[in-house]
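Between the sequences and the hints, there should be enough to build the whole structure, so can you do that?
Now for the letters of each chain:
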Amino acid sequence: MRTPTGWIFGTALAVVLAAGAPPATAEEGIYVPLLTYRTGNFAGSGTPIANGMRDYLEMLNQRDGGIGGVKLIIEECETGYDTKKGVECYESTKGKNPVVHNPYSTGLTLQLIPRASVDKIPLLTMAYGLSAAADGRVFPWTFNPPLTYWDGASVFVRFVAEKEGGVDKLKGKTIGLVHLDAPFGREPIPVMEELAKRYGFNLKLYPVPAQSMQDQASTWLAIRRDRVDWIYNQGWGAMNPTAVKEAVRTNFPIDKLVGVWWAGGDDDARAGGADAKGYRTLSFHGAGTSYPAMQDILKYVYDRNLAVGDRAKVGENLYSRGVYNSALIAEAIRTAQQVTGKKVVTGEDVRRGLESMNISDDRWKEMGFEGFAAPVNISCDDHSGHNRVFIAQWDGSKFVRGSDYIEPMKDLVRPMIESAAKDYAEKNAGWPKRTEACDGRS
Amino acid sequence: MFYREAGQFKTSYYADQAIFPILQDRIGVAAILFVAFTLPLAASDFFVGSVMIPFLVFSLAAIGLNILTGYTGLISLGTGAFMGVGAYACYKLTTIFPDVPIVAHILAAGFFSAAIGVIFGLPSLRIKGFYLAVATLAAQFFLQWCFVRIPWLYNNNASGAIEVPVRTLMGIDVTGANATPMVRYYVILAIVVAMTWVASNIVHGRVGRQWMAVRDMDIAAELIGIRLLNTKLLAFAVSSFYCGVAGAVMMFLWYGGGEAADAFNINQSFNILFMVIIGGLGSLIGSFFGAAFISSFPTLLKFGLPMVGIHIGSASVEHLTHFAIGALIIAFLIVEPHGLARLWQIGKQKLRVWPFPY
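In order, the protein sequence lines correspond to chains G and W.
If you count the first sequence from 1, position 428 lands on 797 in my numbering, and the numbers rise without skipping.
If you count the second sequence from 1, position 134 lands on 118 in my numbering, and the numbers rise without skipping.
Hint data in this document are derived by calculation from the structure and do not stem from the laboratory.
A hint or two may mislead.
[Claimed, not checked] To give an idea of the interface, some chain G residues facing chain W are shown, with a C-beta separation under 8 Å as derived from the structure:
hint, residue
1, Arg407
2, Glu445
3, Lys453
4, Glu460
5, Gly464
6, Gly476
7, Gln480
8, Arg484
9, Ala501
10, Ala551
11, Leu574
12, Ala586
13, Asn797
14, Ala798
[As the list claims (entries may be wrong)] Far from chain G, some chain W residues (derived; all Cβ distances over 12 Å):
hint, residue
15, Phe95
16, Gly144
17, Val177
18, Arg199
19, Met201
20, Ala204
21, Leu207
22, Leu212
23, Leu312
24, Leu317
25, Pro321
26, Arg326
27, Phe340
[As the list claims (entries may be wrong)] Simulated pairs of lysine-lysine, DSBU-like, Cα-Cα distance not exceeding 35 Å:
hint, chain 1, residue 1, chain 2, residue 2
28, W, Lys76, G, Lys573
29, G, Lys573, G, Lys542
30, W, Lys286, G, Lys712
Note that the structure is predicted; figures quoted are calculated from it, not measured.
Cβ coordinates follow ideal geometry from the N, Cα and C atoms, glycine included.
Right, dumping it as structure tokens:
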């Protein structure tokens, strides 16, 4: 801008934009931003989750007038599963006193972890993100309930042992890990390697680069050549339906393909057609609309035309996961209200609420989710809880429960988490020591 | 009326060769710099952190690619990867030498990127045009593979990502969570202004003329005594240096750590190529226009609409932004295929004869 008019206009524009800073929320309420993605390459998985998260909170607003009588101010910000846009969303919502952030992307989580303690906004990364963050002594502001990826891998091996008839039968078996070739995909490797050593099975790794998520022909050719007995799939987005399709195409026994919980979308299994029946995935919550709370969502949100999603998709697996996520948010806020005695809680209060959160079977029932999920227990030291999960199985049209709840191998995972957390704090020079007091169990 | 050189007499060759020969231009540049340096005092943290910082980082990367593609005529699709090299080099350097100021590491990281750029620039001596684009595409994939598969590069972190440690400059945090957007903005602005000044001097000098000669016709350039090997590799080196610094700045001063697969992928390379094409090939100011258009404009649209009272769903805003950007790209390219910089030039020319056009 080299002309007077040019730079005068530029200055004026800058001033206008500067003045348009995000205003404080005038309305009395608890501000819950939802960083979601309904666009981009991962929209297929992101949209049902976004709908579930939004609908449950909206239902609380409609049915109960919010939580503890305080209305929730729900605002979605579109990240497109893109880190740049995600950071923008974080920055734009940060000024409005959010009580909790859900980044819904491992990449974004890694960036936000250091900021959480400075901005005093807890980070709820429900079963994703950095496994090491389960150590609350090092990461007081980050929470990853109900379990970490490392727990998930150990559950998978336990399940295989159960099906094979005992851990001693694992010896000599070949277990493959199909994973996205990115930090998220490689998460289970250390646990799987440790277990391979312990039980004597062969571990084969099949990395799938992000560029060729939808072209896994060579991967599955190698799986066939290696005569793999069981496969664990740590994938996300378009990688999952492709894996199921390829497994069916290469005649891999589909009930021996087990996905991590993010590989449990209804559309992922549908891609395999009729032959995908029997596909298994880890899961920590039920699906379907039979739960009273789900009925309330239909009644208070869909019947009142307040929803953005499709009514037929309510109760799908990933939709239910969004609901589960929001149930954790709501419960954290409620616990925070109890712990502090305040109605309008802040991010700092919700951090305390998360640390004191204890959702028992009775509490799930009160919330209208009887039998929906296992109890969730978080403490100051343990920000994940290493809670139980089960295996869900595709019956051709929906996911049904395919096993009892299985306990993760906490004795194996916990020391690994603690050493990884210590390592993180050491490498990030100047990592703050935990100064936040612990409320203990109420 | 306001913008004309009438009455400004040049009395020396030095004055005649100035980059900004007209007084009004010099006033304009000074005004832009003044606004740039005082902006954080008036603007909100969000505007500084999410609009201005990305704009500056992408401008720097676009200048880097413009040196290669716009000035030397070599198409590159490896910009993202070269930025990544800078980011990882900076990470390794600051881990190994934690006491050296981070700005020194950021600039030093550029040299690593330059070295890698020269290696992948070697094929440019034999292949041209689209074929070279494919060769640089190989660089993109190979380097990205390295970022994921060589744990040494990210210090064997469990997260597999660059974890930015806290670094201070004169007692103030410039990286890490406690660094304010204002501090980071000033550091980036200083780097960008200094490097733009250097780039401007390079492209207007002997080296820049060699580059442009090679771009316009490399056989003719060779006949008048320009060594193609040196010239093309120098272009790759300088270009990668700029990209490397941009990458290091992006990771350390803007993102504050993160995954390389996310930040330095092929989409990033395309994005920066689009900035250069839309902004104007072979123009420094075009690099800034391109960065503003591709990076800042969507952000302003996305968060600006709700601020002025237009509330639409979060996903709809995203779709709308895509529509608007796509339509504008087509519109601009129809009106002026040489990019925004050319439009700017035409605008200035019109202004010179205003109000009595001839």
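Structure-based check of each hint:
1. Arg407: Hint holds; Arg407 (chain G) Cβ to chain W Cβ min 4 Å, cut 8 Å.
2. Glu445: For Glu445 (chain G), the interface hint holds, since the closest Cβ of chain W sits about 4 Å away, which is under 8 Å.
3. Lys453: holds, 7 Å
4. Glu460: holds, 5 Å
5. Gly464: holds, 7 Å
6. Gly476: holds, 4 Å
7. Gln480: holds, 5 Å
8. Arg484: For Arg484 (chain G), the interface hint holds, since the closest Cβ of chain W sits about 5 Å away, which is under 8 Å.
9. Ala501: holds, 6 Å
10. Ala551: Holds. Min distance 5 Å.
11. Leu574: violated, 12 Å
12. Ala586: violated, 19 Å
13. Asn797: holds, 5 Å
14. Ala798: holds, 4 Å
15. Phe95: holds, 24 Å
16. Gly144: With a cut-off of 12 Å, Gly144 (chain W) comes too close to chain G, as the shortest Cβ separation is near 3 Å.
17. Val177: holds, 15 Å
18. Arg199: holds, 26 Å
19. Met201: holds, 32 Å
20. Ala204: holds, 33 Å
21. Leu207: holds, 37 Å
22. Leu212: holds, 33 Å
23. Leu312: holds, 17 Å
24. Leu317: holds, 22 Å
25. Pro321: With a cut-off of 12 Å, Pro321 (chain W) remains clear of chain G, as the shortest Cβ separation is near 23 Å.
26. Arg326: holds, 15 Å
27. Phe340: holds, 17 Å
28. W:Lys76 <-> G:Lys573: Judged against 35 Å, a Cα distance of about 31 Å means the pair holds.
29. G:Lys573 <-> G:Lys542: holds, 11 Å
30. W:Lys286 <-> G:Lys712: Since the Cα atoms of Lys286 (chain W) and Lys712 (chain G) sit roughly 32 Å apart, the hinted pair holds (cutoff 35 Å).
Hint compliance for this structure: hints 11, 12, 16 are broken, all remaining hints hold.
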